[in-house]
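In the order they appear, the protein sequences are chains B and A. For the record, in the first sequence the residue sitting at position 94 is 94 according to our numbering, with numbers rising by one throughout. For the record, in the second sequence the residue sitting at position 55 is 320 according to our numbering, with numbers rising by one throughout.
Everything labelled a hint here was simulated from the structure, so no lab data went into it. It is possible that some hints are incorrect.
[Claimed, not checked] Cut-off 30 Å, straight-line C-alpha distance, at most; resulting in silico cross-link-like pairs (DSSO-like, lysine-lysine):
1. B:K236 - A:K392
2. B:K229 - A:K515
3. A:K519 - A:K480
4. A:K423 - B:K236
5. A:K274 - B:K229
6. A:K392 - B:K229
[Claimed, not checked] Distance windows between CB atoms, simulated:
7. A:S383 - B:G192: 22 to 32 Å
8. B:I210 - A:V381: 53 to 63 Å
9. A:S268 - B:S15: 30 to 40 Å
By construction, the Cβ of each residue, glycine as well, lies at the ideal position given by its N, Cα and C atoms.
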Amino acid sequence: MMEKMIIGRYVPADSLLHRMDPRSKLILVFLFVGVIFLANNFWTYGILLIYTLLMAGFSKIPPRFLIGGLKPVLWLVIFTFFLHLFLTREGAVIFDLGWFKIYEEGLRQGIFISMRFFLLILITSLLTLTTTPIEITDGLERLLGPLKKLKFPVHELALMMSIALRFIPTLMQETDKIMKAQTARGVEYTSGPIKERLKAVVPLLIPLFISSFKRAEELAVAMEARGYKGGEGRTKYRQLSWSTVDTLMILLLLAVTVLLIVFRG
Amino acid sequence: MESPLVVIKDVSFQYDSQESLALNQINMEVYEGEWLAIVGHNGSGKSTLARLLNGLQFPKEGSITVAGITLAEETIWDIRRQIGMVFQNPDNQFVGTTVQDDVAFGLENNGIPVDVMSERVVDALKKVNMDSFLDQEPHHLSGGQKQRVAIAGVLALKPSIIILDEATSMLDPRGRAEVIETIMKLQKQDKITVISITHDLEEASRADRIIVMNKGEVYREGTPNEIFLMDEELIKLGLDIPFPIKMSNKLREKGISLGQQYLTEEELVAGLWTSHSKM
């Protein structure tokens, strides 16, 4: 189930967003996170909403996947809404129960802030839904490339990420195997008091740790035998290609930014 | 025979944590295009030998020469380009997130230009019959398939020697057969020298030459036929004799001589059903 959460998020399809360079998608998401703070009234939030829905349309991702991805954070959005609704004490009173008042400004803030949350989550899930984790890793490695001059281990970090991604399913399978083996020996994972169940995790984690270290050692030897000697002088099999669409998409977001600056109150 | 591709001369090795020598005055030669099997039970020093050949460990004494290059700290990367290694655990040598990424890993390490790379990846995968799995992820592959991808990863670098370090020992019989078949094809068609390190005598029976190791020393050397005549001696060394050999030995005890040693089940069957007419 963890596998679904971390890497099973990618939905393969042939869409504009899928074909985009991961670098431009990453830049767009980072820009968007900044740009969203420009919105402060009905018009500006409206523009952002239209932009986000447009992007969701470009992705050709079925809405049920988008909503599915939003579910775990939905309560956070709702919580934010009520927090602002109850705690803001500005503007005219629109609802009065004597001891309990709701102010106009509270309603506004509640809607705007939860909307901001909602849009951010939607845009970032569009990134992970249309880009494979390995593409994201590649994109990050290229984008952070200039940091190499500052002795920042960009290549090592990217390699670590890709190896971690590659081993998640393997370790999941292993966890499953150990759990079954321990269940056969009488360990209970699904019933009994919480304290007992937490204790049962120990005989699961220890073998998992030991085998992971063994794996790491063997992997290091195999990598060395295959000529791995660090990032120096290495070529890249996966090439990224920046197309006109990528430039146009960035220009579109810049245009949205200009609109926001014009219309913000 | 031609000049040897690998020369191992008076090599000794000792692990820091152990008192006795892991390898004691080993001398052997590997010839171009042959399949050499090095057999021996656990602790016989056969895996240590493989690690020495690839420069993962350095000998305490003696010298190793591969294709004219003597193994030393400075030549280690040249030697690793000559020798490809396939290890025991299929999972722990799969570096890439997909089949093609994994095959490309070795090429990337060696700075092969991108335009050559994709061609070489596909070529190597074709040779091991895995070219239809380009974008497959490792956890969707069987052990035998993963080992074939590992072989492709090695092939892509065009080595002159492939070392299989117990590469079939973690596979099911089907995976084992797949890998052995692939190796046989590569040795015959692409004239690749194969050194297989194994304790499975059935795998070793496919080799041109077998070296039996025991307690860090070369115990015996010969063709599979010669080696399997050792019979009881092999069992004493902790090696299990393949079924066809066992069968013919048992038949001989009963007074039925098949005239020759059969190494594979097919040969044995063929030998059995034609034997009656000779008697």
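Verification of the supplied hints:
Under the criterion of a C-alpha separation no larger than 30 Å, the hint pairing K236 of chain B with K392 of chain A is consistent with the structure, at around 23 Å. A hinted pair counts as satisfied when its Cα atoms are at most 30 Å apart, and K229 of chain B with K515 of chain A does not qualify at roughly 53 Å. Straight-line distance between C-alpha atoms of K519 of chain A and K480 of chain A comes to about 34 Å, which puts the hinted pair past the 30 Å bound. Pair hint K423 of chain A plus K236 of chain B holds up; C-alpha atoms about 19 Å apart against a cutoff of 30 Å.
Annotation: proposed proximity of K274 of chain A to K229 of chain B holds, straight-line Cα distance about 28 Å (limit 30 Å). Note on K392 of chain A and K229 of chain B: the hinted pairing holds, with a Cα-Cα distance of about 27 Å set against a maximum of 30 Å. As the Cβ distance of S383 of chain A to G192 of chain B is approximately 54 Å, the hint placing it in 22 to 32 Å is violated. Remark: the range hint 53 to 63 Å for I210 of chain B to V381 of chain A is contradicted by a beta-carbon distance near 41 Å.
Distance hint check: the CB atoms of S268 of chain A and S15 of chain B are about 59 Å apart, inconsistent with the given range 30 to 40 Å.
Taken one by one, the earlier hints fail for this structure at numbers 2, 3, 7, 8, 9, listed in ascending order.
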